[in-house]
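S.K.: Each chain, written out:
Number of protein chains: 2
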Amino acid sequence: MIPDTVFSALSTVLEGRISRSKHDLEHHGRSETWFPLTLPDAVAYPQTTAEVSQMMKICHAHDIPVIGFGAGTSLEGQTLATEGGLVVDFSRMDRVLRINDADMDAVVQPGLTREALNLELRTTGLMFPVDPGANASLGGMAMTRASGTTAVRYGTMRDNVLGLEVVLADGTVIHTGTRARKSSAGYDLTALFVGSEGTLGLVTEMTLRLHGQPEAISAAVCSFAELGPAVEAVIATIQAGLPMARIEFLDTRSVEAVNLYSGSHFPLRPHLFVEFHGSEAAVAEQAALFGEIVRDFGGSDFDRATKAEDRSALWTMRHHAYWACLALRKGAKAVVTDICVPISRLAAAVEETAADIAASSIDGPILGHVGDGNFHAILLVDPEDAGEIAEAKRLAARMADRALAHGGTVTGEHGIGIGKKPLMEAEHGGGWAVMGQIKAALDPKNILNPGKLVR
Amino acid sequence: MIPDTVFSALSTVLEGRISRSKHDLEHHGRSETWFPLTLPDAVAYPQTTAEVSQMMKICHAHDIPVIGFGAGTSLEGQTLATEGGLVVDFSRMDRVLRINDADMDAVVQPGLTREALNLELRTTGLMFPVDPGANASLGGMAMTRASGTTAVRYGTMRDNVLGLEVVLADGTVIHTGTRARKSSAGYDLTALFVGSEGTLGLVTEMTLRLHGQPEAISAAVCSFAELGPAVEAVIATIQAGLPMARIEFLDTRSVEAVNLYSGSHFPLRPHLFVEFHGSEAAVAEQAALFGEIVRDFGGSDFDRATKAEDRSALWTMRHHAYWACLALRKGAKAVVTDICVPISRLAAAVEETAADIAASSIDGPILGHVGDGNFHAILLVDPEDAGEIAEAKRLAARMADRALAHGGTVTGEHGIGIGKKPLMEAEHGGGWAVMGQIKAALDPKNILNPGKLVR
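Listed in order, the protein sequences are those of chains G and S.
Take the first sequence: its position 428, counted from the start at 1, is 428 in full-length UniProt numbering, and no numbers get skipped.
Take the second sequence: its position 340, counted from the start at 1, is 340 in full-length UniProt numbering, and no numbers get skipped.
Think of the hints as simulated: they come from the structure by calculation, not from any bench.
Among the hints, a few may not be true.
If chains are identical, the list can't say which one is meant, so a pair holds when it fits in one copy or spans any two.
Unchecked claim - Only pairs whose alpha carbons sit at most 20 angstroms apart, straight line, appear in this in silico SDA-like list of lysine to any residue:
1. Lys421 x Ile174
2. Lys421 x Ala236
3. Lys307 x Ser360
4. Lys421 x His175
5. Lys57 x Gly430
6. Lys330 x Ile389
Chain G extracted, bound-state conformation:
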């Protein structure tokens, strides 16, 4: 609960941009996945770093939990106010502050979405390539260490955030990183905050690394008779060092979902969706080499989509795949899994997972960013059926065990939130306690996104 006097102090700082309306609370209490509606006590809409700092000072003095919110596209309940408190919606801090063409970096506010940034960059010859599918806010992407379809070529948020402005638990404002391409000046605070899910501070400004728009882009689709050879072809592609810009896997059930949802007519077989970036010559060479590998593994011929609209249609289908999977069953919600394994173990991990799902009562399409060794099973459940949720969670837990047994991680890109917290001990052992020590040192009152990520 936020006492009325505190609410009114916050309202003064925010010049009235704070709400307790049912609509606002419900909008910020929802999750994209299976977590139940969880209402915060209030929602704030700051416009400046100074406001965020003042707001934090008040919440710190009164022990009010504070939860950052970007576009609300996280999948593990990261933005849910499970202990009540104030959700801070950054949608009004969504400006591009500076684009430094010559140094290929940009300074932005956290509420800016990745699509809005790329729109702004269109005429500069530069782009921000990290693409988790959803039009997430860049602040949210940094906080979950997001990645997505292009990480195989351009890296994750870990690699593409150069610096941050952060408001700490007590309202102190700090700056991490610089615009230089490297530094060895002490602890890498930027890397510590990226992926911290709002538990160590609220990001109010970010310096992002940009990349040159490729001279040529070509996308392609191919299919395989079986899941095994499709994944083996990915492994061979990565091991050959082919600089794929995207290499996405969809199993037969995912393809079926996409066809139903997007009106496409892909054959009901496991598919790879790929993209090549480079000079005209490089793209042609990459496509030819990839074609040879696909043939070696018995895959279909593929047509290259070099026209922008065809590529766009393809990636829109891929980006809607999550919604397509959900639409397979009316009223379903999803327990989403996100394991990532060393590339040599990818085929085993995918096949074991497919067999486990097949042997269960759960419908679970499998798809993912296989160039990184990262894939998802979208486990469809009736959100009212505790038995189904329990079974899906058991499948998810076995996937996590499998990831660790293969030398991988329980989450490649979705983060921990509340959904994956039970898996942290198994992945990190004593390292999880170290995370807790860092959390306690930086937020001794435990007001920053309490209940998430750490014990």
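With chain G fixed as given, assemble chain S onto it according to the hints.
M.R.: Frame of chain G; chain S shown alone:
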């Protein structure tokens, strides 16, 4: 001081591999740069993680400072026992534990040097490219977040350490990271420990990312009439997106030093030493494009050294440049600077620095990894002359101010140790206090490399 009873308990754990001999203390009390001899109380030579853990428990119980030591090539006094205590020399933990060809990673012990690892990798088609010049230990490189000549292409230790085994202050052993290529499972502890200079834990095992040996390698040297156009050529090269494997700048005084030291006959003009990696065709294309840029800036034609022995001779000269500079003045030691700025500010930063040195009484060749915006002035001083040291430090402080004014960092790759500690507040402001909080949380007794990096 280490009490005799504690020494003898440590000796039991280490089966006698602990020494207080003058030779051992002096060897571990020396610095590569201007810091005075600083003797530890004892030197330990552990062979296993279990020994390191047992040793830490004893030191923790008795408040004995513990300082990690690899090859002793750090430049900011990182390994000096400024508060006494035990130096832990990792030279007997120098094995390659596993090479995973298919996943392009290797698990190694921290005392292994980068050259020894690459020797081991020779026949695998893989390499570990991070190259700070000195044959440093990989543990030491991780702890200073080292980089060097190849970072422009392959990244720094930040990008090439996938995971760590760390012994904490109380002897607890934790594991960070996985063998997967990405993860969003909580705080990035690997990134926190990389660059922590032994102040948060002792690394006992590391998982490193490997890269494919390029099909073709070609090196080249070119010179310019003036410093300005040489640096402008670098900026144009980076902004053109040319994937240089190395691009090194040497000013006229550095070239003079190299000629005197290595018997070479480079013209006394500012030089660029470069290297291209890729397929035969790609290397030829890169060299041609680079040649055009060099001509645009009035540089000399260059001969490509495609033969391995010619390249090797070239990079040996570059790697010996620090010693070559020291040899310019008999008995001199160096105050080494290491600023790194956004590439668009590189020419200004180098020219301002050159002018500042020229106006001083100090001899200071300038050279560096300019593709990253990183360069060094080697400020030569008589180690007995406090006035000279003070003047060199004033020059270094002005370089640091300049780096920050240009949006850069006071140290691109050498780290903080004791030498750059006075610059931390200016670079990080409140962020330095956050580093101190993390240090206090993980090492409340302040026994891990006390006096370094944090306040």
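S.K.: I'd like to know which numbered hints this structure contradicts. Please list them from smallest to largest.
M.R.: 2, 3
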